[in-house]
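> Mind docking chain B on chain A? Use the hints.
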Amino acid sequence: MKNIHINGQPHSFALDEAGNIEQVLALFFNGQKQSTFALALNGEFVGKADYANTSVNNGDSLDIMLPIQGG
Amino acid sequence: MSLTIYGQQLNSRLLIGSALYSSPELMKRAILASGSQVVTLSLKRQNPSEKSGAKIWQYIQETVTEVDGFLLPNTAGCRSAQEVFTLAQMSREIFQTDWIKLETIGDDYNLQPDPIELIKATEILIKDGFKVLPYCTDDLVICQRLWDLGCEVIMPWASPIGTGKGLMNPYNLETIRMRLPEATLILDAGIGKPSDACLAMEMGYDGILLNSAVALADNPVAMAQAFSGAINAGEQAYVAGIMQQRQTAQPSTPTLDTPFWHQPGVN
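Going line by line, the protein sequences match chains A and B. In terms of numbering that gives the first Met the number 0, the first sequence opens at residue 0 and continues consecutively. In terms of numbering that gives the first Met the number 0, the second sequence opens at residue 0 and continues consecutively.
Looking at chain B on its own, in the form it has when it is part of the complex:
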């Protein structure tokens, strides 16, 4: 099943980060194994004559070209709407895309997005023609504001970035899904296990964005394949329609006319 982001149809519902791998070669192999067509990356201050950054950039370009995919630059490290706007414009010039993964850090301990600056930055970016993919907390009202501002894609966290704690608050995430049925919802950050991703897809989320869970696995290539399978399974289950939970046990095998049926009151 395909995912559409700002009009671009994708074969995979997994968006994957390019950071934290032990080598550029392993990064490329893991991304290819994941089946993802959207790769996140960033910008940092560096002297252009240094060669280390150029090699990473070359690998990311090669990988995205090979999967006929898309770059998704982020605004990691930004704390204000002004910083975001500057970095986003730089990204647009370098990467030739108006997609931007909007991040505004609000707290150093849990790296929680700053919702106030997030909203301000979204307004500025959309006005300037960017297609914004905002990373936010699982706050329903913030998600609604982002949708109202024109974000077709909204990316609430599962839990703080890099923790691998999975879905901290399934109730909030389910409520966001229910209240924003038209939004493309991508769960971003905090995913640890393939079952976390599967659970979100079973809730009706449209996709998963992750990095650490694959990059920090003992075998990132195998883990990328595991996530791909889990996301597909969760999405198929959601489409198939999951049965309602029941409070009481119900036999799955018909009991009528079984030879040892015990009627109430009969020993």
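Okay, chain A solo, but in the shape it has when bound:
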């Protein structure tokens, strides 16, 4: 199990030590269709191309960001 914060909320995922961002997102989204988003791991941007090769460790924080109105 890995305990990971997503958008500030605690989540537990059945992942081994080699778990990566792509695997975390697959478990988090649970097959639901997703809109456009970008992501940061522990406050640093990770591009979509790197999701599969970026490890996620116990206690890490993921921020998932979506477009909103802005001034």
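Keep in mind that the hints were calculated from the coordinates and are not lab data. The beta carbon of each residue, even a glycine, is placed where N, CA and C say it ideally should be. You may find that some hints are simply not true.
As the list claims (entries may be wrong) - Stretch by stretch, here's where chain A covers chain B in the computed footprint (C-beta under 8 Å, at least three residues):
#, region
1, 10-23
2, 32-46
3, 54-66
4, 84-92
Only chain B this time, still in chain A's reference frame:
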């Protein structure tokens, strides 16, 4: 008259925000009425499966496509150069643009930009290939530093964001214009009335960025049109050349040979 931002020619000198409208439909109508081709937007933490954000994003996309325009993502809410860099990279991936409206909040009361973090963030972003449009105070030296770092566009505030107080310090704004003649200067934040925008354009500013003044009007669509007209009027006046102010009255009608001319000392 067109405005050029980082090589992109625009038909309007108004840049407009997408926030604070009572509905996405009204936002779209107001932006279309404004004639603007640059629409600001942002990112926030949200679960992608929530549908509310997706609808707004769809409306903004439709609107920008309709006006053959450009997205200008901001870094609202960031307080440090590191936060800015992370958000800017996310924006670039989602919005497919290297334009970034750089905001670094320094104070919770007046939401004044933090000039120290602003300069740090600008250096980092430019080094990473971003085209930076920094939102800053009306501090001449900060504006000069931003220009020296490579910002082709600089966006000093008129007054604190969302106040609608208009041009707090016209002297500072005029001085920035005079000292940075080559910079594209866009007045950003604090605009309340179309006359505020007109005044800035009469000073020689290149454009206006606003949101609240349109979105919070009783009739945002009509107000968007009013701002468009005011910005055009101010720009035309600047190009036409505004007369010098004089200390004494001068008759505009020729007085020579008028029948009731009163010569000094003659009753």
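> Please go over all the hints and tell whether each is borne out by the structure.
Here's how the hints hold up against the structure:
| no. | hint | result |
| --- | --- | --- |
| 1 | 10-23 | holds (count 5) |
| 2 | 32-46 | holds (count 8) |
| 3 | 54-66 | holds (count 3) |
| 4 | 84-92 | holds (count 7) |
The structure fails none of the hints (numbered hints given earlier).
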